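Chemist: Under this note's numbering, read the sequence shown as residues 7 to 302, first letter to last.
To be clear, the hints were calculated from the coordinates, so they are not data collected in a lab.
Any given hint could be a false lead.
Listed next, the in silico DMTMM-like pairs over lysine to aspartate or glutamate satisfying Cα-Cα at most 20 Å (straight line) [said to hold, decoys possible]:
| id | residue 1 | residue 2 |
| --- | --- | --- |
| 1 | K198 | E107 |
| 2 | K110 | E172 |
| 3 | K175 | E107 |
| 4 | K192 | D179 |
| 5 | K192 | E107 |
| 6 | K198 | D179 |
| 7 | K53 | E183 |
| 8 | K110 | D179 |
Please read all numbers here as calculations on a predicted model, not as lab measurements.
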Amino acid sequence: MNKKHTTSTKYETKKRFIQRFTFTVIRLFSYSVVGILILILSFIIIKGIGVINWNFLTSAPAEGMTKGGVFPAIIGTLCLIAGSALLSFPVGIMSGIYMNEYAKKGIIVRFIRVMTNNLSGIPSIVFGLFGMVFFVNKLGFGDSILSGSLTLGLLCLPLVIRTTEEALKAIPDSYREGSRALGATKLQTLRKVILPMANPNILTGLILSLGRVSGETAPILFTCAAYFLPHLPQSIFDQCMALPYHLYVISTSGTDLEAQRPIAYGTALVLIIIVLLINLLANILRRHVGKNIRIN
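Generate the whole structure from the sequences, applying the supplied hints.
Modeler: Put into structure tokens, the structure is as follows:
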């Protein structure tokens, strides 16, 4: 009896040790990721905070981009983000709704899902080349905000589709069945029951897509980005500067790399702040939507 008790005690001790060791390793990896992120952000903030002032945020580049600010690049980046959202959000959300709620389960649906997942893994430069061939040349939009926005919209479209579909899948079928049992149509069930409950998770996908779009360089390199454009675009058919491409240019091929390096750090910090602000606003909206759902 004592031998069995001793064996059981040893087993429990070993199990607790393995569990403690595993959690310690996971915790260390988690802290390492957070630490690396803090290190990168601290480096950019320390190097770039001294450059940022009102003149830097509201003026155009000057003297071969060794002086001046990034105002045209900020406006161009915001235009591209907004333009890509206008394409990817409605198309992606409706596609995800169709795939989960209306399409018959079968080979075709599985094939579309596989292709959507494959599109998510394609390098962004491939989307840039496609945008140049199709939007810039074939459709005749030229190097413009419209071409860049459509290309970026295609880039984040698979992510929006998949996150929308997964958000709808997370809603139990009992809600659909209960709504239909009360006499609601499928469309009414979708509008009044399913979508309101899935909205927070759908918004999460939209946040991720905006974060990806805002930092892309390769797609806009072939479709819309200008090397130096000290004035604001007048229409969607004009070229524009963008913070990611501007950062790449002044860091690698500028006229005076030493003089431009502080501006590069400032540009990187402005881009990070824009991404953080977009994510913050989207998360506030997500919490507001989730709160309303719980109240209702």
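Chemist: Does each hint fit the structure? Answer for all of them.
Modeler: Each hint, compared with the structure:
| no. | hint | in the structure |
| --- | --- | --- |
| 1 | K198 to E107 | holds (14 Å) |
| 2 | K110 to E172 | holds (16 Å) |
| 3 | K175 to E107 | holds (9 Å) |
| 4 | K192 to D179 | holds (12 Å) |
| 5 | K192 to E107 | holds (9 Å) |
| 6 | K198 to D179 | holds (15 Å) |
| 7 | K53 to E183 | violated (57 Å) |
| 8 | K110 to D179 | holds (16 Å) |
Figure legend: structure checked against the earlier numbered hints; the only hint not met is number 7.
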